[in-house]
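Protein chains in written order, with this note's numbering: chain A, 1 to 324; chain B, 1 to 134; chain C, 1 to 412.
The set of hints was computed from the structure by calculation and includes no laboratory data. All C-beta atoms in this analysis are idealised placements derived from N, C-alpha and C, irrespective of residue type, glycine included. Careful: at least some of the hints might be erroneous.
Claimed, not checked - So, partial list: chain C residues that the calculated Cβ filter (under 8 Å) puts toward chain A:
| no. | residue |
| --- | --- |
| 1 | Ala138 |
| 2 | Gly139 |
| 3 | Phe140 |
| 4 | Thr142 |
| 5 | Met145 |
| 6 | Trp146 |
| 7 | Lys149 |
| 8 | Glu209 |
| 9 | Thr211 |
| 10 | Leu212 |
| 11 | Val214 |
| 12 | Arg215 |
| 13 | Thr360 |
| 14 | Ala362 |
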Amino acid sequence: MNPLQVVQLLLFPGLTFFVWLAFVFEWLERKTSARMQGRLGPVVTGPFGILQPVADFFKLASKEEIIPAQSDKFVLRWGPALYFAAPAIGIAFLPILGFQSILFDPLDLLFMLFILAFSTLMAAMLGYASAGRYSTIAVGRLVVQYTSYEVPLILSMVTPAVLARSLSIQGIAAAQGSMWYIVIVPVAFAVFIIASLAELEKPPFDIPSAKTEIVGGWMTEFSGNTLAYVKLTKSLSYVFLSALAVSLFLGGPGGPVISADQNLQALFYTVYFMVKLFAVGFLIFVIRTALARVRIDQATRLFWTFITPLSLAQLAVAIFVGFR
Amino acid sequence: MKEVSRRRVGKALGEMFRTALEKPVTEEYPFGDKVVTERFRGRLDIDPVKCTGCSICEIVCPAEVITMVPVGKKLIGTREVEIKRPSFELFTCISCGQCVDDCKFGALTLTHTFELAVFKKESTLMKKGLNIGK
Amino acid sequence: MSEDLQHGQRKELSAGLIQYSVESAMPFGPIHPSLKEPEYFKLILEGERIVQVIPRIGYVHRGIERAAQERTWVKNIYLFERICGICSFAHSLGYTHAVEALTPFEVPKRAKYIRVIVAELERIHSHLLWLGLLGHWAGFDTLFMWIWKDREHILDLEEAITGNRVHKSYSTFGGVRMDLPDGIAAKLKTEMKYIEKRVDYYENLVGAEETLTVRTKGVGRISQETARRLSPVGPLLRCTGIARDVRVEDPYAAYDEIAPRVQTSNDGDIASLLTLRLNEIRESCWMVSEAAERLPTGPYKVSIPRAVPRGESMFHVEAPRGELFYFVKSGGGSAPERVKIRTSTMANLLTATEMLKGCTLADVPVVLTGMDPCFGCMDRISVLDVGQSKEWSVRGEELRTYGIEYYRKRLS
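Take these sequences, add in the hints, and give me the full structure.
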């Protein structure tokens, strides 16, 4: 790896950029859901409260960490780091500055699937390691919900791969050209968004961390630094999944570029990427604010009887279109 | 019972967007003014001129805020009678207004002050009523 | 429990009680985000289904009935209205009516109408609060925020009339403490029209929004026979189709002239509680407008001497949660000899535990909120020993020494 790659990986458009985006997404979510409910949202910290998520992060990091006596201390110490690493490394495979991502592999779509599975595995491990009654119930719900949404998520991610005849993210993004896949396979996009809601534990699928039923879900026993990083990772996976939706369905950073200069082209691409990213994020905020929480058995029934057949049908259509 | 329209998901969307465009309902206090109604029961106040020291307020207060303190003596005919005036421990006051209702001389009122947080508990002791006739 | 059972095993004892193994019992409370006040419910689960619920009360017992015996009659008005923040005026009404029944004085007509106005405003605010809370426990924060936004209109009205939003301190012996402010009738009518419009919108929303109806339809269903057997009060009884309402059966204040039409709904589940309470809000809006329009002139208070004659009286009012019952005994002195209060949550508690049978853990907050619990109103202490089939009440001193002995033995 050359030094330019390392700088890109760490600063822009790598880790620092995405952590900043995670904070902005959290702020935007709180602000839009507040305005839609008739209240103000964050106002005090920074102009329009934009520094509120940063302030929350530092406040949590400065608190004392209380580790339950019966918990698995090794997992609780190293687990959050692995949990954070999963979406953080996935981001390096997404094309932002152009149709080249920082790290590349011809099969990196499969690596994305692995990252999503690994995130949930780490969450389940952390929940079990906490050894609390509410955490155990929450992990049960998390695993049940995971088995329900994983199949539609994978199917909806494979659909653009079939259309693009490529299993690498930058290949899929480049193959879209001016006809984005959301136009050809809109159902796959809808299924991807719904399954993302379940992955991110947002309403209507926020059963594993249902605040009003099982206190905090699998995050109940965390405090201090652990909680700060776990919350940051949740925001980061939010950005990660939105960016994945943009790359797979909305043509990545593509858009009309009016310059021949290399650097200005990168700027254009970045701007298009960010606009699409915020559009997808906004869509998820709106859905989240508008719906109540469903029960775990109802969610399972919904996914297996309705969403999975839908995504299968969409995949069949995509194969047919792809072979024409 | 009214007929409800057919079931669907996301029924709240229209109202959500309408609310997002309106002004938020949150009051701007403390960055703006807080308007209270005319009858709002805030902090207690006494007019020492009107108080005669009859002690009815001490008897009726539910929170036992008022203590009558002897401040002097006076002569009625040949008898020497103690003059008492009320001292208020406003930390305990619940602003119910029973003393205001029962004071026949109209010496007590409930103001509109509601910012009552203090650093020292002793500073809520109101001795204004102890001044006789000033 | 005496024998040790294997995990998942249970044994039926008499009277519907079951013996369970320790692992299948899940504690809910006393401190839990879905409970506003602490109560302990032991949920006995089989998998995720609840088989039985054993409540244990006494966590927020404040000894108010005992404190009332040391305070004068007027001071007790302020004590009793602070039993509950949401049904505060109902407690105040119950106590003042019970004491007025001991005296030969008659409350003037204007005061009766004003009491009806404020009581119905409180009913609207309580039902709106409950609706918002149901949305919150079901995960629908947007509904919660919107409904509490509308509830602010009611609270501002109450502040304009009585001077305070929650503990109104408005009713006193012989009437109300002050007259209505000028121009309040027009303001009441406009606000009631606004509330009715919003109730129409919410009825549409909760009936049609799919993610909310799957949480409330068919959840926590009880039948009419169960209701007759367990005798709940208030909306919990009316949602099974039985039309009982204290305001109609035993009218007090001005309810004989402005009679409410008793609302019922038929299914006995949470969805029918939703529609029932929405209809009750509409009915209360109508009553407030009627009372404001037909308000008679006259005095708003009659002076009652501070010494209450000897005697016993009982009175019940229809609080937002159901029937609220006051018993007052006077010995002719400056303080009451005994005041006993039976609030509606006390009567509804066992029905709520019956509603929970067959539900999953996720339904517990929704169903418990469905009965509109107010544990602060209801707490008391009694001891039930199932093994010996004996029940007795414990005095404070015995409890204190028993606790000290128990922990001394446990720690030694």
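Results for each hint:
no.	hint	result
1	Ala138	5 Å, holds
2	Gly139	3 Å, holds
3	Phe140	4 Å, holds
4	Thr142	5 Å, holds
5	Met145	4 Å, holds
6	Trp146	6 Å, holds
7	Lys149	5 Å, holds
8	Glu209	7 Å, holds
9	Thr211	4 Å, holds
10	Leu212	5 Å, holds
11	Val214	5 Å, holds
12	Arg215	6 Å, holds
13	Thr360	7 Å, holds
14	Ala362	5 Å, holds
Figure legend: structure checked against the earlier numbered hints; every hint is met.
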